[in-house]
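Novice: Based on the hints, put chains L, A, B, V, D, F and W in the right spot on chain S.
Chains as they are written, first to last, in my numbering: chain S, 1 to 153; chain L, 1 to 153; chain A, 1 to 153; chain B, 1 to 153; chain V, 1 to 153; chain D, 1 to 153; chain F, 1 to 153; chain W, 1 to 153.
Hints listed in this document are in silico derivations from the structure and should not be mistaken for laboratory results.
Where a beta carbon is used, it is the ideal one built from N, C-alpha and C, also for glycine.
Any given hint could turn out to be false.
[What the hints assert, rightly or not] Far from chain D, by Cβ distances over 10 angstroms, these chain A residues were calculated:
no. : residue
1   : 4
2   : 20
3   : 29
4   : 51
5   : 54
6   : 55
7   : 58
8   : 62
9   : 89
10  : 116
11  : 118
[Claimed, not checked] Derived pair list, reagent style SDA-like, types lysine to any residue, alpha-carbon separation capped at 20 angstroms:
no. : chain 1 : residue 1 : chain 2 : residue 2
12  : S       : 91        : W       : 121
13  : A       : 44        : L       : 152
14  : A       : 91        : B       : 119
15  : S       : 91        : S       : 118
16  : A       : 44        : L       : 149
17  : B       : 91        : A       : 92
18  : D       : 91        : F       : 92
19  : B       : 91        : B       : 31
20  : D       : 44        : A       : 31
21  : D       : 91        : F       : 91
22  : V       : 44        : B       : 151
23  : W       : 44        : V       : 138
24  : B       : 44        : A       : 122
25  : W       : 91        : S       : 92
26  : S       : 44        : W       : 122
27  : D       : 44        : D       : 17
28  : F       : 44        : F       : 56
29  : S       : 44        : D       : 29
30  : B       : 91        : B       : 43
31  : D       : 91        : F       : 119
32  : L       : 91        : L       : 16
33  : B       : 44        : F       : 93
34  : F       : 91        : D       : 90
35  : A       : 44        : L       : 138
36  : B       : 44        : A       : 121
37  : A       : 91        : B       : 151
38  : V       : 44        : B       : 31
39  : D       : 44        : A       : 29
40  : S       : 91        : W       : 122
8 protein chains.
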Amino acid sequence: MSARIWNVYLSGEIHSSWRQQITEGIRQAELPAELSGPVTDHEKSDRCGVAILGDEERPFWQDHKSAGINAIRTRTLIGAADVVVVRFGDKYRQWNAAFDAGYAVALGKPLITLHDEALTHALKEVDAAAAAVAQTPEQVVEILRYVVAGELP
Amino acid sequence: MSARIWNVYLSGEIHSSWRQQITEGIRQAELPAELSGPVTDHEKSDRCGVAILGDEERPFWQDHKSAGINAIRTRTLIGAADVVVVRFGDKYRQWNAAFDAGYAVALGKPLITLHDEALTHALKEVDAAAAAVAQTPEQVVEILRYVVAGELP
Amino acid sequence: MSARIWNVYLSGEIHSSWRQQITEGIRQAELPAELSGPVTDHEKSDRCGVAILGDEERPFWQDHKSAGINAIRTRTLIGAADVVVVRFGDKYRQWNAAFDAGYAVALGKPLITLHDEALTHALKEVDAAAAAVAQTPEQVVEILRYVVAGELP
Amino acid sequence: MSARIWNVYLSGEIHSSWRQQITEGIRQAELPAELSGPVTDHEKSDRCGVAILGDEERPFWQDHKSAGINAIRTRTLIGAADVVVVRFGDKYRQWNAAFDAGYAVALGKPLITLHDEALTHALKEVDAAAAAVAQTPEQVVEILRYVVAGELP
Amino acid sequence: MSARIWNVYLSGEIHSSWRQQITEGIRQAELPAELSGPVTDHEKSDRCGVAILGDEERPFWQDHKSAGINAIRTRTLIGAADVVVVRFGDKYRQWNAAFDAGYAVALGKPLITLHDEALTHALKEVDAAAAAVAQTPEQVVEILRYVVAGELP
Amino acid sequence: MSARIWNVYLSGEIHSSWRQQITEGIRQAELPAELSGPVTDHEKSDRCGVAILGDEERPFWQDHKSAGINAIRTRTLIGAADVVVVRFGDKYRQWNAAFDAGYAVALGKPLITLHDEALTHALKEVDAAAAAVAQTPEQVVEILRYVVAGELP
Amino acid sequence: MSARIWNVYLSGEIHSSWRQQITEGIRQAELPAELSGPVTDHEKSDRCGVAILGDEERPFWQDHKSAGINAIRTRTLIGAADVVVVRFGDKYRQWNAAFDAGYAVALGKPLITLHDEALTHALKEVDAAAAAVAQTPEQVVEILRYVVAGELP
Amino acid sequence: MSARIWNVYLSGEIHSSWRQQITEGIRQAELPAELSGPVTDHEKSDRCGVAILGDEERPFWQDHKSAGINAIRTRTLIGAADVVVVRFGDKYRQWNAAFDAGYAVALGKPLITLHDEALTHALKEVDAAAAAVAQTPEQVVEILRYVVAGELP
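Extracted from the complex, chain S is given alone in its bound form (with noise of 0.2 angstroms):
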């Protein structure tokens, strides 16, 4: 009944398609969502803070200043998301999304991780606090699709 626009959060891999995929699923079905992330450029959003700010001699402190610029956006966009889509890839220790579900779950933001089934073990404590745990983006628009619509495949 509700004409209300969804915003979904997007956080995780930012290596591989999963978040174009998505974008076109809710295209085609239409949705009433509005997706926002992080900034996705990786090498943008590590240098960000001593482009910005200015250098550092020492790395932590260059990473710490791009962390902390890159927080304003993640946290504030998560904090105004109705629901938070976690990537988990095989690659990289990726503990920022990790630390962003944690974040999500702790505000009360319903969570759905994104991640093959070799990862299940690794991820048991995450998926846990999940709403739902799917293996491909289009599961993802799928419950996107029901959850906003009311439609099913």
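Specialist: Using the frame of chain S, we list chains L, A, B, V, D, F and W on its own:
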């Protein structure tokens, strides 16, 4: 004075036409109110989990998957509601309706219950937490008309 | 700089024209403010409960039903307000006005009280919780004009 | 089962012995309850501001200073209370009592009001927000005895 | 490592001995846990309102008065609990149990449900919001033993 | 992806043109951001209390009245902000700027501080609570451009 | 009536004996109050970061490390306080004192400011947010004595 | 001044002796601190779900049951903690550690991270949210000693 839109969530019984009656009453009264609610197609609601995320052998996990996905919708919309109406019918146990009522009250949402007089004793704790206890959909429409527009029958 | 709409809730006395004076002042100053308040038709406010939900023998429950329905409106609008103005007249006890003031303060809403100087001692606790204590509707309009638009008389 | 101590805040009228009656009733029933309340010495309560912080010419600021100091006590103790009892007498306007009631309700504290039947209509909004409406201190003691110890008269 | 006392609230069915079984299990396991719950004497719970505050002609208001007083106890103790256990039996509608579950979940309290397998489908939304779904009081004791003391059967 | 409007509150120094520089930078970058801030006309800000609500003999109460009215604006806009920027100049004590910073941080708002390097030691606690520490208005614009639009210089 | 312990946090100036005077006054008045505050050894407070976590070349990061560690203490103790007292001296900028005041107010803690009359205009926003404005440590003790024990000088 | 007990939650790696080292350091420094943490027996932690609630065929649901029970413990203790320490080792993905960090930060708990310098870049977002970043358990003890007792090495 205010031209605000009121968000009203309609929780509970899905086997009678009470939602349509309230929707039609709101439309006729031309109230600035947006109604929302769960997915009311019983079968979809039951099988959304396995339909999207894959089958399960045990009925418990079939239900668990569906309930998780439904909760994304219901908790988000209750959280965004100004007023929550919960309808109890005389069939089924409808524990999810009572769960929604408790959830809404803990969030500080004004609650309107809707049920026959015969259920009065069984619902005494829920009714005592409600701002109003109605017996017909028409009464719910009248409450909303008064609350939103200041008009009485 | 901001073009935001300010929501102002006007609580309290319903037997004088102070709401109209503030409404007119806001209109003349062309402030981006939306005013809201309780249903100010005293009779409707008193009998909405029995008119909609059926009569009661005891006056206590007549009042109880009406007060519950009125609270749906007042608490929702106070919760959505940026600023709460509470007017105390010299007649009646107006405990609901003081209740609204306490309710608003606990929610962190800035409170403006409006009353004659003669009531100063009786209202000392309420006034001490207020951001401003006005004696005329014109002063309330001037406060809002300054707060919203940065203009002084 | 639980051996917890219940904190009960007694707000309102300071010119009758209702607090002593409740205190004595709690003592006789040997309930694990700690009672708290405002400073009930009217003169001290009125002049604490100027007595400590220096005199003011205008009565408004005399009251303002005292009310600020009293609020340190009352808001802290209401915030720490499990249950808030508010007594309305038939003299004085007692707007601070109604303010405390609204403040407590917004914090989610269960409210018990205590007043004569003659005040029913004037207190309808406050009573509708209360978990119980008592007419005598004995009833308040009985409510607490039942709530804390599960015993009825 | 920690010597903290865990507060566990036991909500729901009052016509079987499940609370005693959990209490005894906690005692035998020597867990630092304090159990609390509603007044479980059915008749007292039903008539506390009229017994203390005076009779009512209509059963609805009799129930209403009792439910208000019972809510002072139940909401306070749920609010103070670390863990909330809700038992659903096969008799009665037990809407208050489901209401308590929803209330607890909205407050962020970990929920343990306790019911026979036959109720699985009817309780799917409530179970999906639970951290654990038990079928026997012994399992609840084992969960608490593990959570509090890190011991398994 | 998101087309949301970002609300940015600019607190602190009112005697230099830093707000205009940020406003102009936001305009040139065509960012979807709305800027807000206190009334920056120093004289108006100081005398709004007495100008609207009547004069006071003691300067303390003159200031008190004005500060109360200014707080209606500043706290409301900080509460509605996504990001709070606080500028510290080298003149005046600017305790209200540091107060706003503490207020914003307690509300969970991301904080950007803006000040010369010479103030680094004096501002160490405030800077440590900030997501970013800038030295020029251009840097603040660049941070916002990156946060809102993902673009780097 | 209540025997509760009051937690009072003493923020601000560390170069005079005001904390000792308040501590001694509390002791003499035999008030059930526990005082807390930041580490007041200026040198320790400045170098704790590098002393524990290793040196930094840039003074900014030296300060940053220390401020982070100090914040663990100050925010935890302010969060646990019933009342927050903030002392402003006439030396140094003391932005951290004003930051603490803003932080405390946003958490809803009653604030008492303590400063000479000469600082009145500079502190007007902070004072307007305070429940009481004192000029001497003795006055703070008297406020606490009245608030805690109901006694006046 | 204060004699309060500090609650410190130790999250993360369970395959090295860092918890014992911190516990021993706290003991030697005689700090009034209580340490808590997850069940650190890896096998118990993995099989608690099926051991108590019955076996599952699919590993996903085995993990799910255990994770739910473990979450009762971890979320309750993090919620009750004053400070949260999260240790990242160089083995395993430890997404639950990062999840706990995000959860703690969203609750406003001061976070201390503990990891080797080699993990600095991978942990930049988590570290940026921390009040302190330590590399050895001894440093964590020193931070706590300073925070709790004001003593430096």
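Novice: Now tell me, hint by hint, if it's right for this structure.
Specialist: To see whether the hints hold, each was checked on the structure:
no.	hint	in the structure
1	4	7 angstroms, violated
2	20	20 angstroms, holds
3	29	13 angstroms, holds
4	51	37 angstroms, holds
5	54	42 angstroms, holds
6	55	43 angstroms, holds
7	58	43 angstroms, holds
8	62	38 angstroms, holds
9	89	19 angstroms, holds
10	116	14 angstroms, holds
11	118	16 angstroms, holds
12	91(S) <-> 121(W)	15 angstroms, holds
13	44(A) <-> 152(L)	7 angstroms, holds
14	91(A) <-> 119(B)	15 angstroms, holds
15	91(S) <-> 118(S)	12 angstroms, holds
16	44(A) <-> 149(L)	12 angstroms, holds
17	91(B) <-> 92(A)	13 angstroms, holds
18	91(D) <-> 92(F)	13 angstroms, holds
19	91(B) <-> 31(B)	31 angstroms, violated
20	44(D) <-> 31(A)	18 angstroms, holds
21	91(D) <-> 91(F)	14 angstroms, holds
22	44(V) <-> 151(B)	8 angstroms, holds
23	44(W) <-> 138(V)	18 angstroms, holds
24	44(B) <-> 122(A)	16 angstroms, holds
25	91(W) <-> 92(S)	13 angstroms, holds
26	44(S) <-> 122(W)	16 angstroms, holds
27	44(D) <-> 17(D)	18 angstroms, holds
28	44(F) <-> 56(F)	16 angstroms, holds
29	44(S) <-> 29(D)	18 angstroms, holds
30	91(B) <-> 43(B)	17 angstroms, holds
31	91(D) <-> 119(F)	15 angstroms, holds
32	91(L) <-> 16(L)	11 angstroms, holds
33	44(B) <-> 93(F)	37 angstroms, violated
34	91(F) <-> 90(D)	15 angstroms, holds
35	44(A) <-> 138(L)	18 angstroms, holds
36	44(B) <-> 121(A)	15 angstroms, holds
37	91(A) <-> 151(B)	43 angstroms, violated
38	44(V) <-> 31(B)	18 angstroms, holds
39	44(D) <-> 29(A)	18 angstroms, holds
40	91(S) <-> 122(W)	12 angstroms, holds
In this structure, the hints that do not hold are numbers 1, 19, 33, 37, in rising order.
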